[in-house]
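Line by line, the protein sequences give chains A and B. Heads up, the first sequence is in the working numbering, so the first residue is 1 and it goes up one at a time. Heads up, the second sequence is in the working numbering, so the first residue is 1 and it goes up one at a time.
Simulated from the structure, these hints should not be mistaken for lab results. All values derive from a computational prediction rather than experimental measurement. Errors might be hidden in some of the hints.
If you anchor each label on the Cβ, the simulated ranges turn out as follows [as the list claims (entries may be wrong)]:
hint: 1; chain 1: B; residue 1: Asp-131; chain 2: A; residue 2: Leu-266; range: 33 to 41 Å
hint: 2; chain 1: A; residue 1: Ile-19; chain 2: B; residue 2: Asp-177; range: 56 to 64 Å
hint: 3; chain 1: B; residue 1: Val-237; chain 2: A; residue 2: Ile-19; range: 30 to 38 Å
hint: 4; chain 1: A; residue 1: Leu-49; chain 2: B; residue 2: Gly-62; range: 35 to 43 Å
hint: 5; chain 1: A; residue 1: Asn-181; chain 2: B; residue 2: Pro-249; range: 46 to 54 Å
hint: 6; chain 1: B; residue 1: Lys-119; chain 2: A; residue 2: Lys-102; range: 22 to 30 Å
hint: 7; chain 1: B; residue 1: Thr-88; chain 2: A; residue 2: Tyr-189; range: 24 to 32 Å
hint: 8; chain 1: B; residue 1: Arg-8; chain 2: A; residue 2: Lys-102; range: 44 to 52 Å
hint: 9; chain 1: B; residue 1: Tyr-16; chain 2: A; residue 2: Ser-31; range: 37 to 45 Å
hint: 10; chain 1: A; residue 1: Pro-182; chain 2: B; residue 2: Val-237; range: 21 to 29 Å
Simulated pairs of lysine to aspartate or glutamate, DMTMM-like, Cα-Cα distance not exceeding 25 Å [as the list claims (entries may be wrong)]:
hint: 11; chain 1: B; residue 1: Lys-183; chain 2: B; residue 2: Asp-84
hint: 12; chain 1: A; residue 1: Lys-102; chain 2: A; residue 2: Glu-10
hint: 13; chain 1: B; residue 1: Lys-276; chain 2: B; residue 2: Glu-247
hint: 14; chain 1: B; residue 1: Lys-220; chain 2: B; residue 2: Glu-247
hint: 15; chain 1: A; residue 1: Lys-102; chain 2: B; residue 2: Glu-171
hint: 16; chain 1: A; residue 1: Lys-102; chain 2: B; residue 2: Asp-84
hint: 17; chain 1: B; residue 1: Lys-183; chain 2: B; residue 2: Asp-140
hint: 18; chain 1: B; residue 1: Lys-119; chain 2: B; residue 2: Asp-163
hint: 19; chain 1: B; residue 1: Lys-183; chain 2: B; residue 2: Asp-127
hint: 20; chain 1: B; residue 1: Lys-27; chain 2: A; residue 2: Glu-10
hint: 21; chain 1: A; residue 1: Lys-102; chain 2: B; residue 2: Glu-165
hint: 22; chain 1: B; residue 1: Lys-27; chain 2: A; residue 2: Glu-178
hint: 23; chain 1: A; residue 1: Lys-102; chain 2: B; residue 2: Glu-106
hint: 24; chain 1: A; residue 1: Lys-102; chain 2: B; residue 2: Glu-22
hint: 25; chain 1: A; residue 1: Lys-102; chain 2: B; residue 2: Asp-100
hint: 26; chain 1: B; residue 1: Lys-35; chain 2: A; residue 2: Glu-10
hint: 27; chain 1: B; residue 1: Lys-27; chain 2: A; residue 2: Asp-175
hint: 28; chain 1: B; residue 1: Lys-220; chain 2: B; residue 2: Glu-190
hint: 29; chain 1: B; residue 1: Lys-119; chain 2: A; residue 2: Glu-10
Glycine is no exception: its CB is placed at the ideal position from the N, C-alpha and C atoms.
Now for the letters of each chain:
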Amino acid sequence: MKATLTVLREIVTHLPRTIRLALYENRSRRSQLLLGRIWDFLNPLFQILIYWFVFSVGLKTETRNGFPYAIWLMCGMMPWLAMNASSVNAANAIQANAHILKNVSIPVTIMPMKAIAKAYYEHLWTMGILIVTLLCTGVYPTWHWLEVFYYLLASWLFLTGFGLITSSLSAVYRDFFEFLNPIMRLLFYISSVVWPLESLPENLQIIMFLNPFAYIVEGYRSCLLYGEGFWLSWQQGLYFWVLTALLLVLGSMLHMRLRRRFIDQL
Amino acid sequence: MAQDVIVRCEKLTKTYDLYTGEGARIKALLGLPAKGLHYSALDGVTQDFIRGEIVGLAGLNGSGKSTLAKIIAGITHPTGGVCDVRGTVSMLAANVGMNDQLTGRENIHYKCMLMGLTKRQIARVEDSIIDFAEVGVYIDQPLRTYSSGMRSRLGFAISVHVDPEILIVDEALSVGDAAFSEKCLSRMQEFRDSGKTIFFVTHAPWQMLHFCDRVMWLHKGRVVGFDAADTMVPSYVEFTRDWTKMEQPERDAMTPEYAFYRERFQCQQREAWARKAAGANAESSS
Numbered sequence: 001m002k003a004t005l006t007v008l009r010e011i012v013t014h015l016p017r018t019i020r021l022a023l024y025e026n027r028s029r030r031s032q033l034l035l036g037r038i039w040d041f042l043n044p045l046f047q048i049l050i051y052w053f054v055f056s057v058g059l060k061t062e063t064r065n066g067f068p069y070a071i072w073l074m075c076g077m078m079p080w081l082a083m084n085a086s087s088v089n090a091a092n093a094i095q096a097n098a099h100i101l102k103n104v105s106i107p108v109t110i111m112p113m114k115a116i117a118k119a120y121y122e123h124l125w126t127m128g129i130l131i132v133t134l135l136c137t138g139v140y141p142t143w144h145w146l147e148v149f150y151y152l153l154a155s156w157l158f159l160t161g162f163g164l165i166t167s168s169l170s171a172v173y174r175d176f177f178e179f180l181n182p183i184m185r186l187l188f189y190i191s192s193v194v195w196p197l198e199s200l201p202e203n204l205q206i207i208m209f210l211n212p213f214a215y216i217v218e219g220y221r222s223c224l225l226y227g228e229g230f231w232l233s234w235q236q237g238l239y240f241w242v243l244t245a246l247l248l249v250l251g252s253m254l255h256m257r258l259r260r261r262f263i264d265q266l
Numbered sequence: 001m002a003q004d005v006i007v008r009c010e011k012l013t014k015t016y017d018l019y020t021g022e023g024a025r026i027k028a029l030l031g032l033p034a035k036g037l038h039y040s041a042l043d044g045v046t047q048d049f050i051r052g053e054i055v056g057l058a059g060l061n062g063s064g065k066s067t068l069a070k071i072i073a074g075i076t077h078p079t080g081g082v083c084d085v086r087g088t089v090s091m092l093a094a095n096v097g098m099n100d101q102l103t104g105r106e107n108i109h110y111k112c113m114l115m116g117l118t119k120r121q122i123a124r125v126e127d128s129i130i131d132f133a134e135v136g137v138y139i140d141q142p143l144r145t146y147s148s149g150m151r152s153r154l155g156f157a158i159s160v161h162v163d164p165e166i167l168i169v170d171e172a173l174s175v176g177d178a179a180f181s182e183k184c185l186s187r188m189q190e191f192r193d194s195g196k197t198i199f200f201v202t203h204a205p206w207q208m209l210h211f212c213d214r215v216m217w218l219h220k221g222r223v224v225g226f227d228a229a230d231t232m233v234p235s236y237v238e239f240t241r242d243w244t245k246m247e248q249p250e251r252d253a254m255t256p257e258y259a260f261y262r263e264r265f266q267c268q269q270r271e272a273w274a275r276k277a278a279g280a281n282a283e284s285s286s
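Between the sequences and the hints, there should be enough to build the whole structure, so can you do that?
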C-alpha cells in the first residue's frame, strides 16, 4: 500500500512535466514528416479501411442496432489504437529511455507515463475526426457523449497500472516485452474492435466481460452510438475498477521492488 | 560542528552482480541461488562533504569514482550504507536528452524539462543558454544539422544552466575549443562562488589541481585519502607513475597508502626547493 501511494504521488506530481515532455517528443516525430500531423489521421484511416474491407465487404459482419460497420468500427478502433500504442510503448519505456535514466536523476515512472501521454495526445486528434465523421453521417450528439471522459479516465488509470507492470518486467527481462506483442494481437481480436463479441455463443461471452480493453472499446460505442449510460453495465464496470485497482497496487509494488535494479541492468 | 555538511556518506557500499547468463540473472531475481560474481565497486566509503566546496574524485578506471558520483546524484542506489544528500543535485550530462529532430531552441526546452526545470525557470535561462552555446543562427535549425562541436556546446550550455545546489561533473570539460573550455571552467567557478557544491570527476590532474578545493582518492572502491588538492593531486600523480610501471600481479596486490605518496611528493618538493635555493645562491654569489 505504501508503495502504491509513493508511486501514485510521484506520477501525479510529475504529470505536468510528463505531458510537456510528451508534447515535445510528438513534435519531434512530426517534424520528420512532410505531412506532419496528417499522419495522425491517415494511419488510423488506413487501418479502418482495411478492416472495413475485410470484415464488412468480405465477411458481411453485422453490427448491433444495424449501425453502418464503418462507423461502428471507427468508434472502437480509435480507443483501441490509443490503448494499444500506450501498452506497447509504456512496456518499452524504461528500456527505450535507458540513456536518460542512467544519466539524469528523474523519476522512472515518468517514462511509461510519457508513453501513455503521447498516445493519448494523438488520440485527442483522432477523436476529433471521429466526432466530425459521426456528425457528418447523421449520428447526433447526446449528453451521453460526455461519458467519453469517464472512459478516458478509466482507460488512463487502467493503462497506468498495466504499464507499471509491463514496463518493470520488460526492463528486467526482455523476453517479457517480446511476449507482449502476440498478447496485444490476441487482445485486439477479442476486444470487440473489429467484430462484435455479441455474436459469440453465450458461454464465451465471458471473454468480453473479463477483458478490460473490451470494456473501454464497447464503452465508447455505448456512449457515442447506442446512447447508453456507463452505469447500465455496472457489473462489468465494477469488475473493471477492481481489476484496475489491483493492477495499480501490484504494479507499484513490483515497480518499487525492481526499480533499484533497473539502472544497473539497463 | 560548525561546518555545513551537504553530503554525508556512511559505510557506503555498492556491489554489482555479474551473472553467467540470462538464466542465472532471472534465477537471482526470483531469489533462487544463482551462479554469479559480485563485483564490489564501492567498499565502505565514509566521508562528509562540506557545502560550497569543489571536490575532486581521483582514481584509476574502476576505482568507484563514477559509482560514487551516481549515488550522490541519486541515479543509482547503494547496496549498503547511507548517502544523505541535503540539497538538489544535478549531474552534468552534455549529450543526454538531446533530440535530433527538434531545433536547438526546442532542445533547450526539452532537456531543461528532463532536468526538472519549470516553464518559468526555462524562460529565464533560455537567452543565457543561447548566448553561452555560441551556435548563432543554428539555434532554430534541427539538431541533426549541427556539427558535433555545436551539439556538445549546446548540451553543455543547457547542463550548466540548470541551477542545482550540488553539481556533479563526470566528463571532460573539454568540448569545443580552448576558449569554450575556459568558459565552462569559469562558469563552474561562478557556481562555487555562489555557494554551490561541485563534485568533479576527471582524469586530468592539472584540471583538478587548478580547480578543486579538496580531492578524494579512491582505489578499488576504498578511500585512500581525502585532502587539500595541492597535496593530494601530486601524491596521486606519484602513485600513477608507480602504477604504470607495475605488472598485473603486483597491481592486484597493491594497496596504495596516501601517507607514503604524500611523503614522497613532499620530499621531492623540498629537494626542488633546495635546488632552487642553491641555484639562486650560486647565482647571487657569482
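Hint check results:
no.	hint	result
1	Asp-131(B) - Leu-266(A): 33 to 41 Å	35 Å, holds
2	Ile-19(A) - Asp-177(B): 56 to 64 Å	39 Å, violated
3	Val-237(B) - Ile-19(A): 30 to 38 Å	50 Å, violated
4	Leu-49(A) - Gly-62(B): 35 to 43 Å	58 Å, violated
5	Asn-181(A) - Pro-249(B): 46 to 54 Å	51 Å, holds
6	Lys-119(B) - Lys-102(A): 22 to 30 Å	26 Å, holds
7	Thr-88(B) - Tyr-189(A): 24 to 32 Å	49 Å, violated
8	Arg-8(B) - Lys-102(A): 44 to 52 Å	24 Å, violated
9	Tyr-16(B) - Ser-31(A): 37 to 45 Å	39 Å, holds
10	Pro-182(A) - Val-237(B): 21 to 29 Å	59 Å, violated
11	Lys-183(B) - Asp-84(B)	32 Å, violated
12	Lys-102(A) - Glu-10(A)	19 Å, holds
13	Lys-276(B) - Glu-247(B)	35 Å, violated
14	Lys-220(B) - Glu-247(B)	17 Å, holds
15	Lys-102(A) - Glu-171(B)	14 Å, holds
16	Lys-102(A) - Asp-84(B)	20 Å, holds
17	Lys-183(B) - Asp-140(B)	23 Å, holds
18	Lys-119(B) - Asp-163(B)	14 Å, holds
19	Lys-183(B) - Asp-127(B)	16 Å, holds
20	Lys-27(B) - Glu-10(A)	30 Å, violated
21	Lys-102(A) - Glu-165(B)	20 Å, holds
22	Lys-27(B) - Glu-178(A)	19 Å, holds
23	Lys-102(A) - Glu-106(B)	22 Å, holds
24	Lys-102(A) - Glu-22(B)	21 Å, holds
25	Lys-102(A) - Asp-100(B)	19 Å, holds
26	Lys-35(B) - Glu-10(A)	36 Å, violated
27	Lys-27(B) - Asp-175(A)	14 Å, holds
28	Lys-220(B) - Glu-190(B)	33 Å, violated
29	Lys-119(B) - Glu-10(A)	19 Å, holds
The structure shown violates the earlier hints numbered 2, 3, 4, 7, 8, 10, 11, 13, 20, 26, 28.
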